[in-house]
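FYI, in the numbering used here the residues of the sequence shown are 1 to 593.
What the hints contain is simulated information worked out from the structure, not anything from laboratory work.
Careful: at least some of the hints might be erroneous.
Claimed, not checked - Pairs of lysine-lysine, DSS-like flavour, derived with a Cα cap of 25 Å: (1) 457 x 527; (2) 517 x 459; (3) 446 x 517; (4) 451 x 517; (5) 151 x 39; (6) 116 x 172; (7) 459 x 366; (8) 457 x 438; (9) 172 x 214; (10) 503 x 577; (11) 363 x 343; (12) 527 x 438; (13) 527 x 446; (14) 239 x 252; (15) 68 x 172.
Predicted model, so just to flag it, every value in this text is computed and none were measured.
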Amino acid sequence: MILWRSVVGKLWVTILLLVSFVLFILTVLLLEFFQNYHKNEIEQQLSATASRIVTILHQHEDMDTALKISSELMGKATKVIVIEDKTHDFASENISRPSAMISFIRNNPQLSNVIKDQKRINQQMELPASTDGRSSTGIIVGVPVTLNGEKGAVFLFQSLEAMEATVRSTTKFIWLAAGVAAILTTIFAFFLSTRITAPLRKMREAAFEVARGKFDTKVPILTHDEIGELATAFNQMGKQLKFNLNALSQEKESLASILSSMADGVITFNRDGTILTSNPPAERFLQYWYKEKGFIQGSHEAVPSVLMNLFEQSEEFESEQVGEIALQNHYWVLIVSPLYNNKSIRGAVAVLRDMTEERSLEKLRKDFIANVSHELRTPIAMLQGYSEAIIDDIGTEEDKKEMAQVIYEESLRMGRLVNDLLDLARMEAGHISLNYEKVHISSYLKRVAHKFQGLAKEKNISITVDITETESEYSFDPDKIEQVLTNLIDNAIRHTPEGGSVKIVQSSNANKGLLIKVQDSGSGIPKEDLPFVFERFYKADKARTRGRSGTGLGLAIAQNIIRSHDGNITVTSELGKGTTFYINIPRKMQEIS
1 MILWRSVVGK
11 LWVTILLLVS
21 FVLFILTVLL
31 LEFFQNYHKN
41 EIEQQLSATA
51 SRIVTILHQH
61 EDMDTALKIS
71 SELMGKATKV
81 IVIEDKTHDF
91 ASENISRPSA
101 MISFIRNNPQ
111 LSNVIKDQKR
121 INQQMELPAS
131 TDGRSSTGII
141 VGVPVTLNGE
151 KGAVFLFQSL
161 EAMEATVRST
171 TKFIWLAAGV
181 AAILTTIFAF
191 FLSTRITAPL
201 RKMREAAFEV
211 ARGKFDTKVP
221 ILTHDEIGEL
231 ATAFNQMGKQ
241 LKFNLNALSQ
251 EKESLASILS
261 SMADGVITFN
271 RDGTILTSNP
281 PAERFLQYWY
291 KEKGFIQGSH
301 EAVPSVLMNL
311 FEQSEEFESE
321 QVGEIALQNH
331 YWVLIVSPLY
341 NNKSIRGAVA
351 VLRDMTEERS
361 LEKLRKDFIA
371 NVSHELRTPI
381 AMLQGYSEAI
391 IDDIGTEEDK
401 KEMAQVIYEE
411 SLRMGRLVND
421 LLDLARMEAG
431 HISLNYEKVH
441 ISSYLKRVAH
451 KFQGLAKEKN
461 ISITVDITET
471 ESEYSFDPDK
481 IEQVLTNLID
491 NAIRHTPEGG
501 SVKIVQSSNA
511 NKGLLIKVQD
521 SGSGIPKEDL
531 PFVFERFYKA
541 DKARTRGRSG
551 TGLGLAIAQN
561 IIRSHDGNIT
571 VTSELGKGTT
581 FYINIPRKMQ
591 EIS
């Protein structure tokens, strides 16, 4: 990481610039102060010395004596020149070029005015070059004096080289102090920034860990200042964030569980038709839709147009909309409700209810009513017609006996129909009672088949019984199973042409129990009608139409009887080749030989 982009670098540069600026201002002010102070001191010393020299000159008539005394007062740094008149002047011995200095004074208008106007002067100016050829800046103090009745002046001057040397030394000292201060400032800045940035680095690392999902990461609290409070707040934030995410995750899992366990399909989508969530029933609906429309599975992710149309209607009327659609032999009721984002509609939720079973049950109910009505209409009409004929005394006594016989037979047929309906209703309600007995299967099947020998001979149909376990016994309700076998064998004989055959085959399986197969060589059942043969009053085609003796409920009753034994009954058929019914009854008790 580049230094000046870090907090350490920025803090260091800031402190260094601040200290440098303060030192620079302080240096300028100190130098200005020292310069002014030294100049004022020199001017005051020169003025005082000049006043003493004037006093000495007034006290001594001998100029040499006065100058000698004045030299002792001045010291080595101060030079003095006494100008008595236009032609007479005196210079101290420490002046290297007195003639040049005297000429400078006489030719300078400001200095020459001291003699003329008798006014004191303090002036900083460029002095004439010395013997080594170097010129220097100095301070000249001019004090007027009267000597021997002539106007004169005493000029004292002192070079500022000593002051400048002092200023340079002071400047060097200040710069040295500034350098030391800069070094100390740098050390202090890095120390301070380290104290500040070390916890910040740990918080940055912890923040990255939290961003990667490690919400248990904690920042060590090293101090009790604002940074320590920040670390405490960061730890509390991570703890609260973990709690909130766990709550959101649990809520999401709960919502997902609810959606996946719902029998109805649920789809949520945006205004642009993008699917957000869907549950398994909704996925099945989408698969039916894509298949119906010819889309390749997985290549189309948009909401079906039927849902978008309902969404547009719900958006227009601001209320839920209901629709229906049929897909792949399934019937769906669609309920689309808008989803709001504050006050605007951001999408919709669609509830998809598969009504196939309900529609099928409704159809069965209607068919059942129609079939019962159809089954009862003919015998009722015959009963009504023949009874009216008897009442009207139509026909002979023999005819009346025949009509009474028909009325009797039709009443028996209606009784059988009602009894079968009652039995079927009780079975479907679970009110069937079974009387389990140990039955010798070989003799049992032969006895049931023997009942149909007479009917089979009339139609020239052979009935055979094939037993694989001649000595085995099974536990079931013999009366109920005989009712099932009677229905199957009777149907097989009635739908098998002359010269055909009906076979009753028994076998067993250690896992499946008793297996009974009733097979005929009759006309068969169309493939599309096989799933419905166990429904009440169902008729496949004319080849399977029952005679007047049947009620159309036999197979439905047979199925309920087998199911009450915890077994199952299935059928296979091929047109023109025959039909086979398979009965499977699980073994509840060990066979007895």
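Outcome of the hint check:
1. 457 x 527: Violated. Residue 457 to residue 527 sits at ~30 Å, over the 25 Å cutoff.
2. 517 x 459: 22 Å, holds
3. 446 x 517: 14 Å, holds
4. 451 x 517: Between residue 451 and residue 517 the Cα gap is close to 18 Å, so the pair holds against 25 Å.
5. 151 x 39: With Cα atoms ~28 Å apart, residue 151 and residue 39 exceed 25 Å; violated.
6. 116 x 172: Outside the cut-off at roughly 45 Å; violated.
7. 459 x 366: 37 Å, violated
8. 457 x 438: Not OK: residue 457 and residue 438 at ~32 Å, beyond 25 Å, violated.
9. 172 x 214: Cα-Cα ~58 Å, so violated.
10. 503 x 577: 14 Å, holds
11. 363 x 343: The given pair, whose Cα atoms are some 44 Å apart, is violated under the 25 Å limit.
12. 527 x 438: Not satisfied, since the Cα-Cα distance of roughly 37 Å exceeds 25 Å.
13. 527 x 446: 31 Å, violated
14. 239 x 252: Satisfied, since the Cα-Cα distance of roughly 20 Å is no more than 25 Å.
15. 68 x 172: Violated, at about 39 Å.
Consistency with the previously given hints fails for numbers 1, 5, 6, 7, 8, 9, 11, 12, 13 and 15, ordered from lowest to highest.
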